[in-house]
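In this text, residue positions in the sequence shown follow UniProt numbering: the first is 1, and each later residue adds one.
By construction, these hints were calculated from the structure, which means they are not laboratory data. Some clues are possibly wrong.
[Unchecked claim] Taking lysine to any residue and the SDA-like style, the derived pairs with C-alpha atoms no more than 20 angstroms apart in a straight line are:
(1) Lys19 / Pro232
(2) Lys128 / Arg307
(3) Lys128 / Arg351
(4) Lys19 / Arg351
[Said to hold, decoys possible] Pairwise CB distance ranges, derived in the manner of DEER restraints:
(5) His69 / Glu283: 41 to 49 angstroms
(6) Thr217 / Thr435: 36 to 44 angstroms
(7) Pro300 / Gln46: 17 to 25 angstroms
(8) Ala310 / Gln46: 18 to 26 angstroms
(9) Gln46 / Ala209: 27 to 35 angstroms
Everything numeric in this text was worked out from a predicted model, so none of it was measured. No residue lacks a Cβ here, since even glycine has one placed at the ideal position from N, Cα and C.
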Amino acid sequence: MSAHAPPIPMTAQASGPLKGVAEVPGDKSISHRALIFGALSVGRTQVTGLLEGQDVLDTAAAMRAFGAHLTRQAPGAWTIDGVGVGGFCEPETVIDCGNSGTGVRLIMGAMATTPITATFTGDASLRKRPMGRVTDPLALFGARAHGRTGGRLPMTIIGAADPVAVRYATPVPSAQVKSAVLLAALNAPGESVVIEREATRDHTERMLAGFGAEITTETTPEGRVITLTGQPELRPQAVAVPRDPSSAAFPVCAALIVPGSEVRVPGVSQNATRNGLFTTLVEMGADITFENPREEGGEPVADLLVRHSALCGVEVPPERAASMIDEYPILAAVAAFAEGATTMRGVRELRVKESDRIDAMARGLEACGVTVEEGPDFLIVHGRGAEGVPGGATCATHLDHRIAMSFLVLGLAAQRPVSVDDGGPIATSFPIFETLMTGLGATIRRDA
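Start from the sequences and build out the full structure, keeping to the hints where you can.
Written out as structure tokens, the structure reads:
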């Protein structure tokens, strides 16, 4: 059930070939960061292509609460009049980040080195997620956190009055943790260093450089070493948000498993720290052509042409996990239609996302007649190949948008319809999912 609305049960069933152009929304990760960096700049930042899902709108509301002035000029087009690094004011109300782990963790970092206090909360799913992985390194700067048992929301952050620079090695591969530390480092004098043993999505580093921060990245035996000089004056920018590869994953994967399909997905980010799913799909035998490669908004993009394909199971390298961590649910759904087993290891992080995504996918796939194996950090899907996926189940989404969309995609090629108990959370990241998919020919309906 959604946190702020009644549940929206939905059902998908076998469809004819999917055809057409799937214009997916702007990248969610970049949209969050564009709003936050615009708020931390001095002057007016202009953003086009902004994802207007609820997660990003909650971040926009938070930036207003911290004193920035944000105006929506047109769909996807926003201006942000920033307050500068260290210029956040103390919000008068609780900051509600809804379903967004990215939003709450990045915002905590952005305010942690300013001497103000803010209280954060979220929906039922977000209130279950651990925040200690962010508040622990923020404490090194001098910030203090007071939350529920286990480091969970609601949580109050008291920003550091006299922040100090830090050197921090991330214990888990997490772009959210890395980004929170880098955002906190902006208002700490001197050089702060973040070390990550496994590379994660690098949007924060790219955008910091674009906004004028002094930041360097080098590869050493320790891993990626990112050095940021604190207290810059960030310059406002024009940010063109590329299309979200995590959202593109759903029409792409649907086209691969629905016979006769041919779908084009234009302008999708091809950032090397985000494209692990597409690499894996090609290894499985997917017919994906990457056309017109170019750069937009400082990010590499391409147009994807996708055709129905006979797929084979593969072993996904654990070191690829960081570049596709949000795409494992839809990969698991696709793997159900492949010949042979698809093995996903090194995915412990999936257990602390919007839901325990390993458990959620395993239980739903089993209910649909697919054999799975799981452990603390692995999931193995035994694809049914030519036998097909029976389907016929109602799958629990656990307030997780990606679980909901993954099972709806699975239902488009299963032998019997597949339902989800609540499609409401889909609006947090992909508000046009239903319209886009039905426009391609998918049979997805809301149940009374």
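Hints, one by one, checked against the model:
1. Lys19 / Pro232: Status violated; Cα separation ~49 angstroms.
2. Lys128 / Arg307: violated, 39 angstroms
3. Lys128 / Arg351: holds, 11 angstroms
4. Lys19 / Arg351: Not satisfied, since the Cα-Cα distance of roughly 35 angstroms exceeds 20 angstroms.
5. His69 / Glu283: 41 to 49 angstroms: Check passed, 47 angstroms falls within 41 to 49 angstroms.
6. Thr217 / Thr435: 36 to 44 angstroms: Distance hint for Thr217, Thr435 holds at roughly 39 angstroms.
7. Pro300 / Gln46: 17 to 25 angstroms: Holds, since Pro300 and Gln46 (Cβ atoms, about 22 angstroms apart) stay within the stated range.
8. Ala310 / Gln46: 18 to 26 angstroms: For Gln46 against Ala310, whose Cβ atoms are near 46 angstroms apart, the range 18 to 26 angstroms is violated.
9. Gln46 / Ala209: 27 to 35 angstroms: Given range 27 to 35 angstroms: violated, Cβ gap about 18 angstroms.
Taken one by one, the earlier hints fail for this structure at numbers 1, 2, 4, 8 and 9, listed in ascending order.
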